[in-house]
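If you're matching them up, the sequences are chains A and B in order.
Reminder that position 348 of the first sequence reads as 348 in the working numbering, one-by-one numbering, no gaps.
Remember, the working numbering sits 1000 above the position in the second sequence when you count from 1.
Please keep in mind that the hints were generated in silico from the structure rather than gathered at the bench.
In this text, a Cβ means the ideal position worked out from N, Cα and C, and glycines have one as well.
Careful, some of the hints might be misleading.
To be verified - Here are the simulated PhoX-like cross-link-like pairs (lysine-lysine), alpha carbons at most 20 Å apart as the crow flies:
{"#": "1", "chain 1": "A", "residue 1": "K476", "chain 2": "A", "residue 2": "K466"}
{"#": "2", "chain 1": "A", "residue 1": "K153", "chain 2": "B", "residue 2": "K1052"}
{"#": "3", "chain 1": "A", "residue 1": "K153", "chain 2": "B", "residue 2": "K1044"}
Claimed, not checked - A short list of chain A residues far from chain B (calculated; beta carbon distances all over 10 Å):
{"#": "4", "residue": "G80"}
{"#": "5", "residue": "V102"}
{"#": "6", "residue": "T119"}
{"#": "7", "residue": "E124"}
{"#": "8", "residue": "K199"}
{"#": "9", "residue": "G287"}
{"#": "10", "residue": "N306"}
{"#": "11", "residue": "P355"}
{"#": "12", "residue": "G369"}
{"#": "13", "residue": "V393"}
{"#": "14", "residue": "E396"}
{"#": "15", "residue": "E460"}
{"#": "16", "residue": "Q467"}
{"#": "17", "residue": "G512"}
Unchecked claim - Estimated spans, in silico, between C-beta atoms of each pair:
{"#": "18", "chain 1": "A", "residue 1": "G125", "chain 2": "B", "residue 2": "A1025", "range": "54 to 60 Å"}
{"#": "19", "chain 1": "B", "residue 1": "S1142", "chain 2": "A", "residue 2": "G328", "range": "31 to 37 Å"}
{"#": "20", "chain 1": "A", "residue 1": "I457", "chain 2": "B", "residue 2": "Y1064", "range": "39 to 45 Å"}
{"#": "21", "chain 1": "A", "residue 1": "K466", "chain 2": "B", "residue 2": "Y1064", "range": "44 to 50 Å"}
{"#": "22", "chain 1": "A", "residue 1": "M325", "chain 2": "B", "residue 2": "N1126", "range": "53 to 59 Å"}
{"#": "23", "chain 1": "A", "residue 1": "P459", "chain 2": "B", "residue 2": "A1276", "range": "37 to 43 Å"}
{"#": "24", "chain 1": "B", "residue 1": "L1017", "chain 2": "A", "residue 2": "W412", "range": "26 to 32 Å"}
{"#": "25", "chain 1": "B", "residue 1": "K1069", "chain 2": "A", "residue 2": "G329", "range": "57 to 63 Å"}
{"#": "26", "chain 1": "A", "residue 1": "Y201", "chain 2": "B", "residue 2": "K1069", "range": "31 to 37 Å"}
{"#": "27", "chain 1": "B", "residue 1": "A1276", "chain 2": "A", "residue 2": "R180", "range": "41 to 47 Å"}
{"#": "28", "chain 1": "A", "residue 1": "I111", "chain 2": "B", "residue 2": "Y1064", "range": "48 to 54 Å"}
{"#": "29", "chain 1": "B", "residue 1": "K1069", "chain 2": "A", "residue 2": "K203", "range": "26 to 32 Å"}
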Amino acid sequence: MLIRKLTKVLLLISVFTIALYGCSGRKEDTNKSMTPANGKLSFTELTKAAQSEPTYGGSITVGITQDLDGLDPHKALSAGTKEVLFNIFEGLVKLDYDGNLVPAVAESYHISEDGMVYTFTLREGVRFHDGSLVTADDIVYSIKRCADMLTPKDPTVIVESALSVISDVGSTSERTIEIRLKQAETELLPYLTCSIVPKDYDKLDTKPIGTGPFKFLSYTPLQSIVLERNDQYYMEDTPYLDQVTFKIFSNTDTAFMDLQGGNLDILPYITDSQVSQLPKGYHMESGAMNLIQGLFINNKVEPFDNKLVRQALCYAVDRQAVIDMVAGGRGNVIGTNMYPGFKKYYDESLVNVYPYNPEKSKKLLKEAGYPNGFKFTIKVPSNYQYHIDTAQVIVEQLKQVGITAQIQLIEWSSWKSDVYRGRNYETTLVGLAAELAPRQALARFRSYADNNFMNYINPEFDALYKQGEIEGVEEKKIQLYKQMQAMLTNDAVAVFIQDPYQMTAVSDDLGGYTYYPIYVQDMSLVYYYKQEFESD
Amino acid sequence: MKYTFKKCIVFIISLFLTSFLTFTAFEVIPGDSALSALGMDASKEHLEEYRKAMGLDKSLPIRYINWLKGAIKGDFGYSSSYQMQMKVSTLIKNRLIVTLWLAILSFLIIVLVSIPLGILSARKKNGILDDLITLVTQIFMSVPSFFLAMIITLIFGITLKWFRPGDYISPEDNFGGFLRFMMYPAIAVAIPKIAMMVKFLRSSLLREMELDYVRTAKSKGMTKISILFGHILKNALIPVITFLAMVLADILAGAILVEQVFNLPGLGRLLVTSIANRDYAVVHVIVLYIASLVIIINFIVDLIYQWIDPRVRRD
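Full structure from sequences and hints, please.
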């Protein structure tokens, strides 16, 4: 009897040892890879790499964690899809990594002084991936398609509302296109990045053809999309790579496992904890995400219709502490609703308007008639762990001033219809992703805007915005934009928290991975280092 | 004959009910498919236009009848998460292959491993081997398969490098490689089910062994083995088959979490993303598929019962 009990115990122990082996094995792995792959070594490798020349050829695999929602660039909606299609399609102009607009399919452009007519000259010899030349007709067709000016209409095309100011598009010669507007608009150019596609080509959904640095090769839903080098690309020195495969994963964890197995060369959007687990042969690159993360407030509901309460909330949140806790310090504190990537327009001084000051917060609450604080809920989309973590830190911080906040998780689809469109919420914690034009960040605060989900109503702001729309002089425009930003901060429309960093795991053999102010995975700049780098 | 006919009627009515319930379910849960397709900043006019074009502006009964008309002809419409560019049937057909293979492999593993183990455990009742089997099954029964999937990936994928984690190989490219890769998720799915099966089979066998006919057979001078295989097993299998049928339906409906861990492009993953995107057309078909699967498998089980146990036939 005793022997049997003993064997039972022994068996139990051995089974648990086997089960626990998994966990311990992982920890060892992490420790081993911590030293060589991160920190100083990867930095020296990088500087060394900068000296070595890029080479042509080779193929890479990039991990993405979202399936594409279509291959037609005018129908694709998700940022994850646009990120990939950026490699296949181009507009008349194109955004570069500094946020400047550079000529792409157009060679040059001219904006009339009154801001009513945009004239573009086509670049000579630009070809679609099927070999045909890009004509003025293709461009007129593409812009009309984006602007919803074609008949019959295709309801699945995502209409770019900023293009609705266009009254007419036409070609004046074989190589010039004229865009006439209904009213003056000086900030239309960013939207003319809209993809140029062949006229009346009906297979964009299955076999997309563009003018970009890479050609479409194949796509299998939930598995992968493969691109191949466009040999006829008008920029002669790019792209470097022969083939790029975007492999689709169901989530970052499985993608990271694949990276650990050595099957991926680049994996964007890795988490803070994954950075510390990077295997040997990879390094982390990071850049600002250009996301406005904030605790967005419904300015119409009690008690937030009182400006003092909103300001009290701003003083009660220690934003730097949030960044330290949630992202290990990787993020920049922001003070207003403008993407920091648009450096000219972004007013950095507004960061200091609401320093962390719980005493002041309590005083303001007292003044507003809430000496004992109050209760409210924060709605957070359940699929964004990052925002959930942030909300948790904020809930703790608000306790210090006597405010009780409760987190309510909400499914993303419901968030879109109930919170964003329905405006049925008290506060919500999300990130607003960067748009193409800086003014777009301010547009949602117009009293009458459809997407003014914070219910901010300020006629002064509306007036400034109208002025900004027609202001042609850059300096004055910047000043107007900064005035509007300051207005938002002083009115405390929301608790603006941070612009988080995005982190990407990149193979040590690769160089040229570049961050953009919008969501883009530009593969045309990525290259393999020369081999002698290895022998070092 | 009458029996089969009756079953068929029940089958059709159940399908109708399920399809109607899934249809209404989407009325109840929040979220808007037009908004999902056009983006949260889409203007009201465009949303209206989209709803009109997709027939979403019509009332529920009319939409249901329209859908039904198509469904009877085998046309289930287009998937809205792929901007209406992909037919629901093609989308599901390709996922189904993955899920089917996963089900076949794991089902084979379950049957091949659990039946011998169950018999062994019952025959050596209370011996060391039985204790060992009971203990191990007890542990594996309580481990969810997605966790096993992670452990398997860690041990065989990352440490031993027997396969490349997350590197799914499609059967068209390399069928051998596909099968080799599918073995690991199949094992992850199979292990907890094996544990349950063994426990079930063991107790079922032991129950039968106590019965009078076994004693009679023994007194007639039959050997233990021939009693076991000739009499006991057949009787003990009846409840086990019900259980197996449940298991089969369960795996065929898509191992959602295991598919996530191994990055398999299977039905479970499609279902999850489709619900998140409010892709009604796809969800309807998957739910219908699962419902018909359960009904059909139960039907087959009924037939098997009749074949094994003549008593059922007479009822």
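* Asked: Taking 10 Å as the cut and beta carbons as the points, is N306 (chain A) off the interface with chain B?
  -> holds (28 Å)
* Asked: Measuring from beta carbon to beta carbon, are M325 (chain A) and N1126 (chain B) in 53 to 59 Å?
  -> holds (55 Å)
* To do: Quick one: work out the minimum CB distance from G512 (chain A) to chain B and report holds if it exceeds 10 Å, violated otherwise.
  => holds (25 Å)
* Asked: Does the claim that G287 (chain A) lies outside the interface with chain B hold up, using a Cβ gap greater than 10 Å?
  -> holds (25 Å)
* Cβ distance range 26 to 32 Å for L1017 (chain B) and W412 (chain A), holds or violated -> For L1017 (chain B) and W412 (chain A) the Cβ distance comes to about 30 Å; the hint holds.
* R180 (chain A) and A1276 (chain B) - C-beta distance against the hinted 41 to 47 Å -> holds (42 Å)
* Asked: Is the Cβ of T119 (chain A) farther than 10 Å from every Cβ of chain B?
  -> Check passes; 28 Å lies beyond 10 Å.
* Asked: Taking the beta carbons of I457 (chain A) and Y1064 (chain B), is their distance inside 39 to 45 Å?
  -> Given about 42 Å between the Cβ atoms, the range holds.
* Could one say that the CB atoms of P459 (chain A) and A1276 (chain B) fall in the range 37 to 43 Å? -> holds (40 Å)
* Please confirm whether E124 (chain A) is truly not at the interface, meaning its C-beta sits more than 10 Å away from all C-beta atoms of chain B. => holds (34 Å)
* Asked: Can we confirm that no CB of chain B comes within 10 Å of the CB of K199 (chain A)?
  -> holds (19 Å)
* If you draw a straight line from the CA of K153 (chain A) to the CA of K1044 (chain B), is it 20 Å or shorter? -> holds (16 Å)
Hint compliance for this structure: no hint is broken.
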